Amino acid sequence: MTKMTGKEARAKPFTLGGPALIFAIADEDLAAFGPALRTALEAEGTPFEIVPASSLANPHTDSDYYLGKYRPSEPGCIRLFMTGALELYEQAPDGRIIRGGKQVWPEAPVATGRPTAYAEGPLAPGEDAALCFRTGPRLRVSVTGPVLTLWHQPVLLEGTAPDGWLDIARKAIVPDPRPA
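Just so we're aligned, residue 1252 is where the sequence shown starts under our numbering, counting upward by one.
Read the hints as simulated data drawn from the structure, not as lab findings. In this text the structure is predicted, and so the values were computed from the model without any measurement. Misleading hints may appear alongside valid ones.
Derived DEER-like restraints, expressed as beta-carbon distance ranges [as the list claims (entries may be wrong)]:
| hint | residue 1 | residue 2 | range |
| --- | --- | --- | --- |
| 1 | E1300 | G1387 | 27 to 35 Å |
| 2 | T1312 | D1414 | 46 to 54 Å |
| 3 | P1357 | P1323 | 17 to 25 Å |
| 4 | N1309 | D1418 | 42 to 50 Å |
| 5 | A1336 | P1303 | 37 to 45 Å |
| 6 | D1278 | K1353 | 26 to 34 Å |
| 7 | N1309 | K1422 | 14 to 22 Å |
| 8 | A1423 | K1353 | 27 to 35 Å |
| 9 | A1375 | P1413 | 37 to 45 Å |
Glycine is no exception: its CB is placed at the ideal position from the N, C-alpha and C atoms.
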């Protein structure tokens, strides 16, 4: 099989930064990422094409986005979920949550939830995610956009989330300005 260059891949007539986005996905992850990514992009109305990485000469430079083989940010990390903005969330063996290779908080969350649905508990694909962290009197509520792919639920630290933490998460969500 002959591999395409970026120019050949875009001769459909896609161009880098042009009318459609090219998403190259590692062949072994195509089945896991492809359908969820397609659904999210179709919902946004974004022109796109999803191609197997092996079909491009260099998927890093011949595509707008390359979703490659998972490489943990730190030894022992596990993938938790990826958002529609392609932010990867991981959990380190000591419980810390890592987003895009950077620590979110020095300890594991004490609670998770879906703020749009106002539901404390497990995260779900297609819904915003909220993580509540608490260390002594310090509190942090982290909210993400919709979960694109969910591999694992975060392991929670034993502790109590304060009443109303999900209200804080809901207020952090910016409503979509587009008409329904």
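>> Assuming the hint says 37 to 45 Å, is it satisfied by the Cβ distance from A1375 to P1413 or not?
In response: About 23 Å separates the Cβ atoms of A1375 and P1413, which means 37 to 45 Å is violated.
> Is 26 to 34 Å a correct range for the gap between the Cβ atoms of D1278 and K1353?
Replying inline: holds, 28 Å
> Measuring from beta carbon to beta carbon, are A1336 and P1303 in 37 to 45 Å?
Replying inline: violated, 23 Å
>> Quick check on a hinted range of 42 to 50 Å for N1309 and D1418, using CB atoms only.
In response: For D1418 against N1309, whose Cβ atoms are near 47 Å apart, the range 42 to 50 Å holds.
> Falls inside 17 to 25 Å, the C-beta gap from P1357 to P1323?
Replying inline: Taking Cβ atoms as reference, P1357 and P1323 lie about 18 Å apart, which means the hint holds.
> Does the Cβ pair A1423, K1353 satisfy 27 to 35 Å?
Replying inline: violated, 19 Å
> When you take the CB atoms of N1309 and K1422, is the distance between them in 14 to 22 Å?
Replying inline: About 43 Å separates the Cβ atoms of N1309 and K1422, which means 14 to 22 Å is violated.
> Using the C-beta atoms of T1312 and D1414, is the stated range 46 to 54 Å upheld?
Replying inline: Hint holds: Cβ distance 50 Å, inside 46 to 54 Å.
> Are E1300 and G1387 spaced within 27 to 35 Å by their CB atoms?
Replying inline: For G1387 against E1300, whose Cβ atoms are near 50 Å apart, the range 27 to 35 Å is violated.
Hint compliance for this structure: hints 1, 5, 7, 8 and 9 are not met, and every other hint is.
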